[in-house]
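Novice: Those protein sequence lines, which keep their order, are chains A and B. For the first sequence, position 516 matches number 516 in the UniProt record's numbering, and the numbering has no gaps at all. For the second sequence, position 2 matches number 2 in the UniProt record's numbering, and the numbering has no gaps at all.
Hints in this document: simulated from the structure, not taken from any laboratory. Even glycine gets a Cβ: it sits at the ideal position worked out from N, Cα and C. Just to be clear, a hint being listed does not mean it is correct.
[Stated by the list, open to error] So these bits of chain A aren't anywhere near chain B, every CB distance computed over 12 Å:
id, residue
1, Met-220
2, Glu-301
3, Val-311
4, Val-317
[Said to hold, decoys possible] Restraint-style ranges between C-beta atoms, simulated for each label pair:
id, chain 1, residue 1, chain 2, residue 2, range
5, A, Glu-332, B, Phe-295, 22 to 32 Å
6, A, Ala-268, B, Gln-152, 17 to 27 Å
7, A, Asp-269, B, Gln-155, 36 to 46 Å
8, B, Thr-26, A, Gln-82, 26 to 36 Å
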Amino acid sequence: MPPKKPKQQNIEAEEKLSVVMIADSFDQQMMPLTQTTPRCLLPLCNVPLIEYTFELLAIAGIEEIFIFCCIHAQKIKDYIAQSKWSKSHSPFEVRIIVTQEAMSVGDVLRELDGKSLIRNDFILIYGDVVSNMNLAKALEAHKARRAIDKNAIMTMVVKETSPNHRTRGHQEAVYVIDDSTQQCIHYHAPRRGTDSYRTVPLSVEFFEKHPQLQLRYDLMDCQIDICSVEVPALFTENFDYQDLRRDFVTGILGSEVLDSTFYIYPIADQHAYAARVQGGQLYDAVSRDVMARWTFPLVPESNLQEGDAYVHKRDHVYQEPGVKLARTSNLERNVVIGRGSSVGDHSIISNSVIGRDCQIGDHVTIQGAYLLDGTTVAAHCTVERSILGHQTTVHSHSQIGKGCIVGDGVVVGPGIRVPDHTRLTTKAAAAAAADSDWNDSDAEDNTVVDSSRWGAESNAVIWVPSDEDDDDAEAIYQSQVNALAADLGQIRMDDQDIDDSASEASLDSLEDMDDVGGSGDEYDHFGSEVADTIDRAFSEGHAIADTLLELKGLRFANNKNNHDIRIIILPKILDQVDLSHLMPSLAAAFQRWGELIASVVNSDQDQADTLSIVKDFCLVDRARVDLFLPCVKRLYDADIVEEDMLLQWHQAAVAEKLTGGELLLHQKLQPLINWLLEAEEEDDDDSEDEDSD
Amino acid sequence: MVKDVNFLVEDLVAKLKRRQITGSYTIALETAKLLRQIISVTRWSTAGALIDRIKQEGCRLVAAQPKDVVVANIVRRVLHIIREVYTENRDAVDEDDGTILAAAPVAPQALLQPQQPSFSIHSSMFPLLGDHADLPADYTRPVHNLKSEIIQEIQEYIEELENMYSNVSSQAMDHIHSNEVIMTCGYSKTVESFLKFAAKKRKFKVIVAECAPTFQGHQTALALTAAGIDTTVIPDASVFAMMARVNKVILGTSAILANGGLIALSGTQTMVEAAKHHSIPVIVCAGLFKLSPVFPFDEESLSTEVSPDSVLDFTKGHFISEVEVINPFSSYVDPSFIDLFITNLGGHPPSYLYRLLNENYDAEDTYLLKS
Numbered sequence: 001m002p003p004k005k006p007k008q009q010n011i012e013a014e015e016k017l018s019v020v021m022i023a024d025s026f027d028q029q030m031m032p033l034t035q036t037t038p039r040c041l042l043p044l045c046n047v048p049l050i051e052y053t054f055e056l057l058a059i060a061g062i063e064e065i066f067i068f069c070c071i072h073a074q075k076i077k078d079y080i081a082q083s084k085w086s087k088s089h090s091p092f093e094v095r096i097i098v099t100q101e102a103m104s105v106g107d108v109l110r111e112l113d114g115k116s117l118i119r120n121d122f123i124l125i126y127g128d129v130v131s132n133m134n135l136a137k138a139l140e141a142h143k144a145r146r147a148i149d150k151n152a153i154m155t156m157v158v159k160e161t162s163p164n165h166r167t168r169g170h171q172e173a174v175y176v177i178d179d180s181t182q183q184c185i186h187y188h189a190p191r192r193g194t195d196s197y198r199t200v201p202l203s204v205e206f207f208e209k210h211p212q213l214q215l216r217y218d219l220m221d222c223q224i225d226i227c228s229v230e231v232p233a234l235f236t237e238n239f240d241y242q243d244l245r246r247d248f249v250t251g252i253l254g255s256e257v258l259d260s261t262f263y264i265y266p267i268a269d270q271h272a273y274a275a276r277v278q279g280g281q282l283y284d285a286v287s288r289d290v291m292a293r294w295t296f297p298l299v300p301e302s303n304l305q306e307g308d309a310y311v312h313k314r315d316h317v318y319q320e321p322g323v324k325l326a327r328t329s330n331l332e333r334n335v336v337i338g339r340g341s342s343v344g345d346h347s348i349i350s351n352s353v354i355g356r357d358c359q360i361g362d363h364v365t366i367q368g369a370y371l372l373d374g375t376t377v378a379a380h381c382t383v384e385r386s387i388l389g390h391q392t393t394v395h396s397h398s399q400i401g402k403g404c405i406v407g408d409g410v411v412v413g414p415g416i417r418v419p420d421h422t423r424l425t426t427k428a429a430a431a432a433a434a435d436s437d438w439n440d441s442d443a444e445d446n447t448v449v450d451s452s453r454w455g456a457e458s459n460a461v462i463w464v465p466s467d468e469d470d471d472d473a474e475a476i477y478q479s480q481v482n483a484l485a486a487d488l489g490q491i492r493m494d495d496q497d498i499d500d501s502a503s504e505a506s507l508d509s510l511e512d513m514d515d516v517g518g519s520g521d522e523y524d525h526f527g528s529e530v531a532d533t534i535d536r537a538f539s540e541g542h543a544i545a546d547t548l549l550e551l552k553g554l555r556f557a558n559n560k561n562n563h564d565i566r567i568i569i570l571p572k573i574l575d576q577v578d579l580s581h582l583m584p585s586l587a588a589a590f591q592r593w594g595e596l597i598a599s600v601v602n603s604d605q606d607q608a609d610t611l612s613i614v615k616d617f618c619l620v621d622r623a624r625v626d627l628f629l630p631c632v633k634r635l636y637d638a639d640i641v642e643e644d645m646l647l648q649w650h651q652a653a654v655a656e657k658l659t660g661g662e663l664l665l666h667q668k669l670q671p672l673i674n675w676l677l678e679a680e681e682e683d684d685d686d687s688e689d690e691d692s693d
Numbered sequence: 001m002v003k004d005v006n007f008l009v010e011d012l013v014a015k016l017k018r019r020q021i022t023g024s025y026t027i028a029l030e031t032a033k034l035l036r037q038i039i040s041v042t043r044w045s046t047a048g049a050l051i052d053r054i055k056q057e058g059c060r061l062v063a064a065q066p067k068d069v070v071v072a073n074i075v076r077r078v079l080h081i082i083r084e085v086y087t088e089n090r091d092a093v094d095e096d097d098g099t100i101l102a103a104a105p106v107a108p109q110a111l112l113q114p115q116q117p118s119f120s121i122h123s124s125m126f127p128l129l130g131d132h133a134d135l136p137a138d139y140t141r142p143v144h145n146l147k148s149e150i151i152q153e154i155q156e157y158i159e160e161l162e163n164m165y166s167n168v169s170s171q172a173m174d175h176i177h178s179n180e181v182i183m184t185c186g187y188s189k190t191v192e193s194f195l196k197f198a199a200k201k202r203k204f205k206v207i208v209a210e211c212a213p214t215f216q217g218h219q220t221a222l223a224l225t226a227a228g229i230d231t232t233v234i235p236d237a238s239v240f241a242m243m244a245r246v247n248k249v250i251l252g253t254s255a256i257l258a259n260g261g262l263i264a265l266s267g268t269q270t271m272v273e274a275a276k277h278h279s280i281p282v283i284v285c286a287g288l289f290k291l292s293p294v295f296p297f298d299e300e301s302l303s304t305e306v307s308p309d310s311v312l313d314f315t316k317g318h319f320i321s322e323v324e325v326i327n328p329f330s331s332y333v334d335p336s337f338i339d340l341f342i343t344n345l346g347g348h349p350p351s352y353l354y355r356l357l358n359e360n361y362d363a364e365d366t367y368l369l370k371s
């Protein structure tokens, strides 16, 4: 036990210890469960996730918590109002700030800066972090560092794990660390599918300042950060930063203007545990860690919630009084089962959490599944590695495959097999979601198709992700399903198959992860962001300079080059051209956006690349063939493409054997080329004339 | 004022749950002080009301950490003190009941309750009925100075707790003789002070089992060498081998159960088994407050298991999802292995514990948490 007195004196000497807690996930990882409940209120081992976070903060001696809620703000407010944390004996003061419009961590921190609530170093944490670490020590470390290095703006809490650790999730960041000071020199977390995905670029400058560097892939991001007051201000300055790691840390570290430094705080020395429940796979992993007592003293029988009364029994079975177990039922190991639940004859449960008032029939097998309160699983059912929401019913002889997430109130069966990695929700919930969304046609279609698919008494439909502003929602949806599927089932299976040495094993599994994740999705994410930026610029009439700044921000944040920008913005701009009034609208488009194009085209290769992009754009549609020549002419006129480059590019292209559309386009280009060649000759003549004079 | 008490109770509950206060002695002291405060701060008219109140608050404390039997022991002890004080004072009143009855119309409500024996009418019969055993539920009569008497008694009890270490260790001379070899395991403040006291006059050797993975044995060894005692640290696996050359095993414990069993640091069981095999006497040093009237019906739920991190490194990736790691911190030890208990009242064989229980607790408080 740490000595208490000096700690209190520290607190008194300085200002209040504040925490900024973000009670929103900003993603759809746990959908459809998070349709009605925010992720931080989802029960983990039958205790809402936020309780674990609160407990961590209470032990650390925090005095003030600002909770930022976005979606489901009222539910979080209500929950906290009735919890022990808002009572007089609560160790800290809880202040809830609702920011409905915030869409990312960046938005929240800008809001925080706007309200200027924080005047001191603070801890940035999420409402779904489970940890038993000693935050006070991390804070002390941060403050000690601040005393030496005024530019130390952030300390990131990390935990050493192996790369394919179940609790690590799919964080793929490489930290470049100066081991002597724990300073994080470079944070490398590229999106999948980019050139830099497999390589970590190291600037020579790093070695000038730091004689020794460590590249570490074994650090698990605990998503607990100790930030100085500058952090929210920096978010306001860089209004396009969304993600704390990918945008902020990468951006600030890459900045040449700012000297701000980042540090890591490894908690392995503390023998502590910390993880954030970021999705289905981590929900599973953290639940198992809690049951295996890695989070001690935050274990079920600590009864974090008032009124709980779990008792720890052999083989990590945690049982509340008032559970009815049939004599022949078997709770094998790692089971949490809440009050009022009953288990029928010959049923086997292992590695699972059963909520309160769950009815489990005879001959049921439940393995690695999470049944929230009030679930009914009738006789002869099998549930594997899935999450069943509140009040769901699985009628007899049904099977729920691996990796399923079943929303609240869903009824399935009888005699149905739900395939692996299915996400089900109720018709009513789907309809409500569709109402709030503008496209309700998909959901209705599904309703019709699904009505008999999930059993005679079923009210289930497949959950369709709501796509707010992503063009390629399908791709994102696929990637998400794949991610979860991979998480709950696939990846783990791959890992189990590995029997080589440890180093080889980790490499193998990394490659597996690549394969599973696909390579295009993250790239598309960047693409959609750039496209959005352009669209906004069109619709809201942004100034070129603003748009350019935004694009630059995106480019740096995602580690992209100008090619990635060009390939998206050029088609967008050309799309603006009205083909029926080709010349005037093209002229208008170039007048308006020519400068933007010019600013992303620098080198000779860029020019050739630009021409190729325009060519590809015009190849897509026959109607666009006529666009090509005027467009290239405009590029030439605007000095975006130089004469020599144009000629070179054309000749290189013609030198290859062209077919179909391409040939046509180059033929179209011929007049321009001829004209250019003639002009050149004339120039030559002129010069010769001049010479001869 | 009620809010204050509530705040204090919740504070202690939270600290117990978060294990911010650990060590049975600290927990005992904190609990006793809190209960004293509740008694002095809250309003109550009769001993019965006070008992109910203490039971109610006690239950909250006990529920916070049911495995820590010490909290429940203190609550029981305080309840016992209240009853004792009440009975004594009531007897004092009864002896000259005539004057009291004449002096004040004592609590008419209490006297008029139908189920109460009507003392005023049958006053001549009262000495016969006055046998304590016949009046188990009668704590409703107001008694002079009850509050101050109770607080004084509890104060004495707290002092007894505070002097516990010296009271236990002062008996060391009777048990440790010159040139003996003593074996112990883990760390216990009681054992440490016991050995140090003996070391003032006698020379003896101590062998300490290190008790991995907590390595509390190292702590003991450091403390003992600082006091000039010849100390040897051994790995846990060597306990049996070393037992042959030992004269006595002296152990600490976190609780003593009604049958004489212990809830002690894991590693204790191995040591007492080895001692039994070699017929080495096992002595357990513990304050009386660790004595619990509860029987170990469910042995497996008595052991506390902590994070497996110190046994298996969390970084061992895919390994940890395939392996069950169990890291018990404390576990149950059967009474048949223990030869003598040394408490602050003296040495007692396990068979004598029932007397201590009767003297210190009331049978009706044995089960505080009724589920």
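Novice: Flag every earlier hint the structure violates by its number, smallest first.
Specialist: 1, 2, 3, 4 and 6
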